[in-house]
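Q: Hey, can you work out the whole structure from these sequences and the hints?
Numbering of the sequence shown is given in this note's numbering, commencing with residue 1 and proceeding in unit increments.
Keep in mind the hints are simulated off the structure, nothing from the lab. For clarity, every value in this text was computed on a predicted model and none was experimentally measured. You can take every hint at face value.
Label-pair distances were calculated between CB atoms; the ranges are:
#, residue 1, residue 2, range
1, Leu25, Asp94, 23 to 33 Å
2, Gly57, Ala78, 41 to 51 Å
3, Gly34, Ile127, 22 to 32 Å
4, Leu128, Gly100, 30 to 40 Å
5, Lys124, Arg81, 50 to 60 Å
6, Asp56, Val28, 16 to 26 Å
Ideal placement from N, C-alpha and C gives every residue a C-beta, glycine not left out.
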Amino acid sequence: MTMSFDPFSDLDRLTSQLGSRSTRLMPVDLFREGDRYVLAADLPGIDPGSVDVDLDGHVLTIRAERTAASHESAKWLARERPYGSYVRQFSLGDGIDTEGISAHYDNGVLSVVIPVSERARPRKIDILGKSEQSSISA
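A: As structure tokens, then:
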């Protein structure tokens, strides 16, 4: 197998390895769709049993662990696939239905559905006419 030379690859690898032993990057997309928020987190190669989603008050925490491949007798030529702990925390506002939060993991993507509470949903405010206003103030 032939590998090309990149003068910056060693620096990139060293920089990423300095922080790689603790917490890894977990890229997410977050969007609102109707009366719910959807958070999609990329967790490729993660064992679904290691994924943990917790809610403590208004803080949603996602944790996952990717273990390194163990090939004890191997001489590594390249080892670029990240492993270690993944952690992200999100602060949820008051307008969230915390009892309705759900999550599923499929094809390396964790999807967390966060419904908006009934009281935080947009609603139409009726405008009272002059005759209706006088009966309210009386």
